[in-house]
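Peer 1: Here is what each chain is made of, one letter per residue.
Number of protein chains: 2
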Amino acid sequence: MSDERIWTAAVLVIGDEILSGRTQDKNIAQIATWLDVQGIRLREVRVVPDIEDEIVDALNAVRARYDYVFTTGGIGPTHDDITVDAVAKALGVGVIVHPEARAILERYYSGRGIELTEARLRMARTPDGAELIPNRMSGAPGIRIGNLFVMAGVPHITAGMLDALTGQLEGGAPLIAHTIGAWSPESEVADLLRQGEKDHPGVVIGSYPFFRDGKVGANFVIRSTSAAAVAACVAMLTAGLEAAGYAVTDGGI
Amino acid sequence: MSDERIWTAAVLVIGDEILSGRTQDKNIAQIATWLDVQGIRLREVRVVPDIEDEIVDALNAVRARYDYVFTTGGIGPTHDDITVDAVAKALGVGVIVHPEARAILERYYSGRGIELTEARLRMARTPDGAELIPNRMSGAPGIRIGNLFVMAGVPHITAGMLDALTGQLEGGAPLIAHTIGAWSPESEVADLLRQGEKDHPGVVIGSYPFFRDGKVGANFVIRSTSAAAVAACVAMLTAGLEAAGYAVTDGGI
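Quick note, the sequences are listed as chains G and W, same order.
Quick note on full-length UniProt numbering: the first sequence kicks off at 1 and runs consecutively.
Quick note on full-length UniProt numbering: the second sequence kicks off at 1 and runs consecutively.
Hints are computed from structural coordinates only; laboratory data are not their basis.
Where hints are given, some of them may not hold.
Same chains, same names: a pair is fine if it fits in one copy or spans any two.
Unchecked claim - Pairs of lysine to aspartate or glutamate residues, derived as DMTMM-like cross-links and limited to a Cα-Cα distance of at most 25 Å, are as follows:
| id | residue 1 | residue 2 |
| --- | --- | --- |
| 1 | LYS198 | GLU4 |
| 2 | LYS198 | ASP53 |
| 3 | LYS89 | ASP53 |
| 4 | LYS26 | GLU54 |
| 5 | LYS89 | GLU52 |
| 6 | LYS198 | GLU54 |
| 7 | LYS198 | GLU52 |
| 8 | LYS89 | GLU100 |
| 9 | LYS89 | ASP67 |
| 10 | LYS89 | GLU118 |
| 11 | LYS89 | GLU54 |
| 12 | LYS215 | ASP191 |
| 13 | LYS198 | ASP250 |
| 14 | LYS198 | GLU118 |
| 15 | LYS26 | GLU115 |
Bear in mind the structure is a predicted one, so any value in this text is a computation, not a measurement.
Start from the sequences, fold in the hints, and give me the full structure.
Peer 2: Listed below in structure tokens is the structure:
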């Protein structure tokens, strides 16, 4: 499976609220999980402040390096929402009021008897040449231009946008993951894990220790694009753990 | 206050488990909050996979740019724990078994009647020239070398390490934050927020909309190193919101 093309992605979180610790990010995990299913590997995340030059620099660093780049945050109606301008600057294109986005907002607000103010109309601005990503939650759409996907900061809105993109992006074979767990200190099984990776090329084993109910244990996640390789490695690790006297819980503890 | 030196930091999260979506990161928010209190601004976060070259490149990019860099993850006993090697490579120094770290682990494990295996001894490896950051939770220490701080991936262990570092790092004036909330669509008050920032130099206003109980509202976070500037801006925004017919909740909704 190692000759297969691997599709990659980066996430750029735009948000002073994450850097200040005010808000705990939830978009990274949800985009990562979604990408897994699309057969795309999340390879890097950057979190940058609401400063245009920082966003532009980060965008230019990652958009050349990965197949897809997702941004989250900064597409609302207020003064600190500068993502569209930064994306346009990074791509060297202008910013327009997108006719379709404007029509969506007009429908959304007039249906609720709310005026489409200048501030709200900001949410119809896109880089020139962009397509829209539908947002059933709040009217204001996401934006797709080139390999960039501009998503909301609010997690449930981004969830809706991801849903709209499901199956739309070319990817490779999805990574298959199988988790097993044991009440073993991870330091006891370090050699076994190392051997497991060595014996099964293309398989990556993650080791995640925990401390629970006064006892230490660890979950082991075995990943590969080959279901057969995952199964073989799981079997080898399970046998090794049991031989060392540790009961194995399939699916993890 | 704008002439004051601003101390900056970056966080480098080393972890396939975050990029796969398996684990929701909790270290970014806790380090960010802790840095706020130390008078240090978190300016960038990167999440990179457990691949040595990726870690080295990211370390070199951020350590030159910010006053302090915190890494999380990859310092346990297993094969996927490669942070120490990557830090040493980035700094161009060797890796040693740190005598003090070794002594800590010997005490920790012998006190529990557990053997200090080769795998466990991996946790005493540090870049040459490093100091240790105490870890009361699990024995294995964190590492401080130059402006790099190497912390655990497990959040409660990192919390203990941060505690040990409290007051040890030179910082500037802490950023003061005051939150107010109103049941106003943020698009209704966009102009007021913009004016608030314009009228109060050095103040940054964040706007965080929410949808709750069938109604839209927003919290506004007003930040500055000057308590007087924060108070003046809060007063202006409160008056503006009330004049527009929105009751203001001090402390946020």
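Peer 1: Decide, hint by hint, whether the structure agrees.
Peer 2: Consistency of the hints with the structure:
For the identical chains of this complex, LYS198 and GLU4 are intra-copy neighbours only, at 20 Å inside a copy versus 53 Å across copies, given an alpha-carbon limit of 25 Å. For a Cα distance limit of 25 Å, the shortest separation of LYS198 from ASP53 across copies, 20 Å, qualifies, whereas the shortest one inside one copy, 44 Å, does not. For the identical chains of this complex, LYS89 and ASP53 are intra-copy neighbours only, at 9 Å inside a copy versus 30 Å across copies, given an alpha-carbon limit of 25 Å. When the C-alpha separation of LYS26 and GLU54 is checked against a cutoff of 25 Å, the pair qualifies both within a copy, at 22 Å, and between copies, at 24 Å.
In this assembly of identical chains, the alpha carbons of LYS89 and GLU52 lie at most 25 Å apart only when taken from the same copy (9 Å versus 32 Å across copies). Only between protomers do LYS198 and GLU54 lie at most 25 Å apart by alpha-carbon distance; the minimum there is 21 Å, versus 41 Å within a single protomer. Within a single copy, LYS198 and GLU52 get their C-alpha atoms only as close as 45 Å, which misses the 25 Å cut-off; across copies the closest is 17 Å, which meets it. In this assembly of identical chains, LYS89 and GLU100 lie within 25 Å of each other by CA distance solely inside one copy; the values are 22 Å within and 51 Å between copies.
Taking the shortest Cα distances, LYS89 and ASP67 sit within 25 Å of each other inside one copy (20 Å), while across copies they are farther apart (28 Å). Taking the shortest alpha-carbon separations for LYS89 and GLU118, only the intra-copy value of 22 Å comes in at or below 25 Å, while the best inter-copy value is 53 Å. Only within a single protomer do LYS89 and GLU54 lie at most 25 Å apart by alpha-carbon distance; the minimum there is 12 Å, versus 27 Å between protomers. Taking CA atoms no more than 25 Å apart as the test, LYS215 paired with ASP191 passes inside one copy only; the shortest distance there is 21 Å, against 56 Å between copies.
In this assembly of identical chains, the alpha carbons of LYS198 and ASP250 lie at most 25 Å apart only when taken from the same copy (22 Å versus 58 Å across copies). Taking identical chains as interchangeable, the C-alpha atoms of LYS198 and GLU118 lie at most 25 Å apart only when they sit on different chains, with a minimum of 19 Å there against 60 Å within one chain. In this assembly of identical chains, LYS26 and GLU115 lie within 25 Å of each other by CA distance neither inside one copy nor across copies; the values are 31 Å within and 40 Å between.
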